[in-house]
Amino acid sequence: MDTTRRGFLASTVAATGAAVTQDLAHAADDGHDHQALPSDPALRVKSLESLLVEKGLVDSAALDALVDLYEHKIGPRNGARVVAKAWIDSAYRQRLLADPDRAIAELGYTGLQGEHMMVVENTPRVHNLVVCTLCSCYPIPTLGLPPVWYKSPAYRSRAVIDPRGVLREFGVEIPDDVEVRVWDSTADVRYLVLPERPVGTEGLSEDALAALVTRDSMIGVAKAVPPQKGAQEGGRG
Amino acid sequence: MNGIHDMGGMQDMGAIRYEKSEPVFHSPWEGRVMAMMRALQATGRFRLGLRPPIESLPHAQYLSMTYYELWLTSLIERLVASSLVTRDEIETGKPAQGSPTSTLALIAADVPGWIAKGAPTRRDASTSPLFNVGEHVRARNINPVTHTRLPRYVRGRSGTIDRGHGVFVFQDTAAYSEGEKPQHLYSVRFAARDLWGEQAAPHDAVYLDLCEDYLEPI
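Top to bottom, those sequences are chains A and B.
In terms of this note's numbering, the first sequence opens at residue 1 and continues consecutively.
In terms of this note's numbering, the second sequence opens at residue 1 and continues consecutively.
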């Protein structure tokens with residue numbers, strides 16, 4: 001395995017299509033004619049898929065099923081159901097915090113990139129924020145695929161050194177006497193924030209509560225929105 | 001590897017650009033890249049992890065590429081490193097003459113089951129944990145030139161074991177098919193001021209999941 005930067009420079013440039021890449025490809029001098037590569041990723045991906053199908057390595061119908069799953073079935077509404085249940089059922093909330101894998105499995109939201117879960121609870125004294133500084137780790141079965149901002153250098157770099165500044169950018173001001181805990185998902189554990197239940201939601205059903213739980217509140221960059229506010233603004237995300 | 005991907009604590013990366021009502025994929029090809037990666041992962045034939053090829057990119061290139069462009073780069077490198085395709089095949093888009101045809105592709109009917117099962121990396125504990133909850137530890141000052149899950153911003157810093165997660169696969173070796181080397185993983189709490197000095201709020205903290213090989217007793 002060639003794990004040096006030079007080794008990968010020679011090998012990875014063949015895979016990329018940016019203009020800068022062409023120069024790097026020639027600098028790397030690996031003897032391939034990179035000009036022959038179409039630069040449009042859509043064309044390159046189409047060509048790659050047809051190659052892999054022809055070699056029997058992937059099945060296009062399976063790819064369709066995967067895309068459909070992530071576009072339509074696996075998303076933050078799953079996590080919202082978990083949170084709403086925890087809000088109305090204190091025994092479930094206890095199970096969720098003590099054994100999140102099993103408690104989330106009760107609702108069926110287990111699987112790839114959510115095999116090992118931690119649920120961190122916001123309280124009047126503690127606010128939790130989730131990040132992956134190294135890449136893009138995210139609890140996919142409960143929240144779906146991560147948004148672009150979560151994977152961006154701006155968020156990943158700053159969330160650990162200036163979480164209060166980041167939260168302010170999202171419109172959330174954390175009082176000085178509240179502890180901010182940042183969870184950097186560096187290994188194979190994935191984090192879900194259990195937001196505080198908004199005041200004035202005492203009589204709401206589990207479904208109505210789930211509608212108040214935004215994706216962002218489960219990452220920790222927002223609070224769950226009170227009903228009237230939610231109706232006006234729709235929340236962010 | 002001390003690459004640009006290890007960006008925790010860097011400054012001046014710009015404002016966070018938030019997209020309202022963001023689609024899951026911004027173009028159909030992004031979904032195909034994600035799906036090809038997952039479908040191939042399901043067959044268990046990758047010999048190289050997702051991240052090493054991305055982390056080895058020149059920094060300027062890393063920063064100029066979108067997330068799924070990085071994934072496309074990684075997908076191709078993993079296919080080649082795993083001897084599933086050749087670079088010539090990628091350039092021509094056609095299988096080389098006489099190359100074998102696999103019969104092991106993930107099929108549509110198996111997709112929901114595979115996604116729901118996932119790929120757990122927790123292993124049965126055969127050793128006792130080296131560290132106990134509440135114990136003070138230091139993140140080692142090591143600088144591997146290969147994939148690691150120990151970010152630079154905690155190396156040499158002291159923290160407290162907040163909880164044990166159990167035994168997990170060691171990604172530093174597993175990413176290169178060099179063995180799972182299972183070991184205890186801990187959630188380690190670092191006081192924000194121990195990482196960033198007086199400018200950090202006095203009671204804030206950063207928690208990282210760090211395995212035993214990254215930690216030393218104080």
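Be careful, since some hints might not be right.
[To be verified] Simulated restraints, written as ranges between beta carbons of each label pair: (1) R125/A x Q199/B: 21 to 27 Å; (2) E173/A x K117/B: 28 to 34 Å; (3) A98/A x R123/B: 18 to 24 Å.
[Claimed, not checked] Which chain B residues face chain A? A few, computed with CB under 10 Å, are given here: (4) A42; (5) G44; (6) Y207.
[Stated by the list, open to error] When the alpha-carbon atoms are kept at most 27 Å apart in a straight line, the in silico DSS-like pairs for lysine-lysine are as follows: (7) K94/B x K73/A; (8) K85/A x K117/B; (9) K151/A x K94/B; (10) K117/B x K73/A.
These aren't lab readings, by the way, just hints derived from the structure by calculation.
Yeah, the Cβ is synthetic: ideal placement off N, Cα and C, and Gly gets one too.
Could you work out which of the previously given hints the structure breaks and list their numbers from low to high? Those not satisfied are hints 2, 5, 7 and 9.
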